[in-house]
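**Student:** Dock chain B against chain A, hints included.
Line order of the protein sequences matches chains A and B. With this note's numbering, letter number 75 in the first sequence gets 75, and the count goes up by one each step, no holes. With this note's numbering, letter number 228 in the second sequence gets 228, and the count goes up by one each step, no holes.
Hints are computed from structural coordinates only; laboratory data are not their basis. Careful: at least some of the hints might be erroneous.
It does not matter which identical chain is used: a pair holds within one copy or between any two.
Stated by the list, open to error - List of simulated lysine to aspartate or glutamate pairs, EDC-like, C-alpha gap at most 20 angstroms:
1. 2 - 306
2. 314 - 33
3. 3 - 33
4. 327 - 234
5. 318 - 33
6. 52 - 205
7. 78 - 125
8. 327 - 43
9. 152 - 33
10. 373 - 306
2 protein chains.
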Amino acid sequence: MKKFRLLTPGPTAVPEETLLELAKPVFFHRTPEFRQILGEVIEDLQYLFRTKNTVIPLTSSGTGGLEAALVNCVPRGKKAICLISGRFGARWRAICQAFGIEAVSVEVPRGQAVAPAQLEQALRDHPDAVAVCCTLSETSTGVANDVEAFGKIVSATPALLLVDAISGLAAMECRTDDWHIDVCVTGSQKALMLPPGLAFVSVSDKAWKQIEANRPCAFYFDLKKARQKLATHDTPFTPAHTLIRALRVSLKRLRAEGIEQLWVRQKRIAEAARAGFKAMGLELFASRPADGLTVVKVPENIDGVELLNRLEKKYGLKIAGGQDDLKGKIFRLAHMGYIDQFDVLAALAGVELVLLEMGYPLEPGRGLAAAQKMLASA
Amino acid sequence: MKKFRLLTPGPTAVPEETLLELAKPVFFHRTPEFRQILGEVIEDLQYLFRTKNTVIPLTSSGTGGLEAALVNCVPRGKKAICLISGRFGARWRAICQAFGIEAVSVEVPRGQAVAPAQLEQALRDHPDAVAVCCTLSETSTGVANDVEAFGKIVSATPALLLVDAISGLAAMECRTDDWHIDVCVTGSQKALMLPPGLAFVSVSDKAWKQIEANRPCAFYFDLKKARQKLATHDTPFTPAHTLIRALRVSLKRLRAEGIEQLWVRQKRIAEAARAGFKAMGLELFASRPADGLTVVKVPENIDGVELLNRLEKKYGLKIAGGQDDLKGKIFRLAHMGYIDQFDVLAALAGVELVLLEMGYPLEPGRGLAAAQKMLASA
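Only chain A is shown next, with the shape it has when bound in the complex:
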């Protein structure tokens, strides 16, 4: 028997009770019953986002949520500062370019976080920037950016802070209102414990003022229209309503734990994962690591692609590799949503076993013990 464990930073595993909800018969969406469900889901999302702002559901990948944020907030020809610490930060810039928005790039080497001082400098150089785009958890490198610090800086200016929190929200501390996040975007397939297909976008009053003044290059992603429909718990277009019904089940579970407790638990699991890999003699890739995933450098003389193949084929452990030219050089282990501390121990154990098989010098159990010590210390 080989038990499969999905440990990639999205899509992530979905609780069995949520999967069963997805198998329920299809219902109609323009009904009081669905409006009730949508209302509950939005309210639970506001709780998880830590916001009083409207949270708008979109039927799309997370990228659709990022596009909605940008095209509604920043008019064509205007400027956005993009803080880029990896592939997903760079996505903000690519969206700007597609819509004729001037992107000012503040880019750091992969594995690093953008320093708040760099943002301050960029805002001094570009006081006409309409928005600052950043990533809470840069899924390609495992870096957490200091969004709290960014929020303090941006809120003192007329610019809006747009945050890609797709792999960060509900996987690590994120306080939308307290941190002055104007538009916060997440997706369904990460810490929210649902398959992909939905994105969620919270919008602050400061952002709505800007959005109301714009005539956006948008129809499907027109946030004003979505807000208007949401006032009666409705959507402008047929939503992926069976996903929304199932999301309610996953959100209830998250809410039952409590968001502050969840953040503490996530932090502890992340610390355990990091301690485990370090005790194996491995090096972490992120200088400022996120809590929802751990990114590890593949040791010299070890074939990183082969390492992941063996983990999957022999042990059923599906861990993500590096993207683009980081392929084979890093691996990325998710610990968010329905992935718990014991799944992380399984991953550490699998990595130990495969590294031993591949001739890497290692004392079996060292990584596990270090992780367990961290778990026990809390």
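**Tutor:** Below, chain B alone, put in the same frame as chain A:
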């Protein structure tokens, strides 16, 4: 016991085996296994579309597919002729307006189809039109437009024919290649027997030439990027991959029947539905009815909203009402996808019973007998 039957023209009922597929554990999407699934699904869609063209999957509502068609094919400032026979035809115009495309409206009263001669005239008046946008099955009125005739006319010009086939594809005859449809759009939640969340867009060589020359106002809906990824059975962004896995199950079922046989069966069910309602003394709303739904006028002195409420509350029959100012004046019964001839008989029986309860003069069984006669005649 009250058995629920979802008989609205989208979302529609989903086969049990497809629902169970949705409850299977989540898997990873950048794998040979998923590429195999996506490849099969695209090939089955090409079969159903009757096309050799690329069929591009999008994670969105059907409306996202319409937006993708327009913004990729028609540059800002250029002209599109919109053939409007109801709310969904009007959606094409609304998308044009959002993206700075000049919409030339050819509008007919609701219940009517656009005459091919009207299109010929519009093309004579606007030889600079880049595209003609139309609706195969106008879901708001039950009208089928003569897309075959439109195709003959448009193919003789440089313009592209964009077809909203969301409630039409696999519910009635639609020959993408033979009819010269350049971009054909459908959604997952109608005749394809899946919950909402996916749209599909086929693109002809003539359309690709135009698309390649454009710099579209698109990122998430950039069809060039999607085509590039699809060459290796991949997608630019995380797709709703569990929906795609489940779609494979529904498509296998459609393909096992055969598309020509399916069209014949759909036609027969539609004829039975129409014969049934007419035998009750009711009037059909559509002058040129589609095969995937039947739209019926609510008789004078009968409260149409109450009629639908009773059908749902007492008999579990969920039939759609009219939209906007047609609310209470018509009702819309779907017969596509997983809704079969006996479900239609159930709907006819329910309507008979409720009309009798509401004091409408009717001989019980007349509608049913007329429908059955039509079913038996085939």
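**Student:** Going through the numbered hints above, which ones does this structure break? Give me the numbers in ascending order.
**Tutor:** 8, 9 and 10
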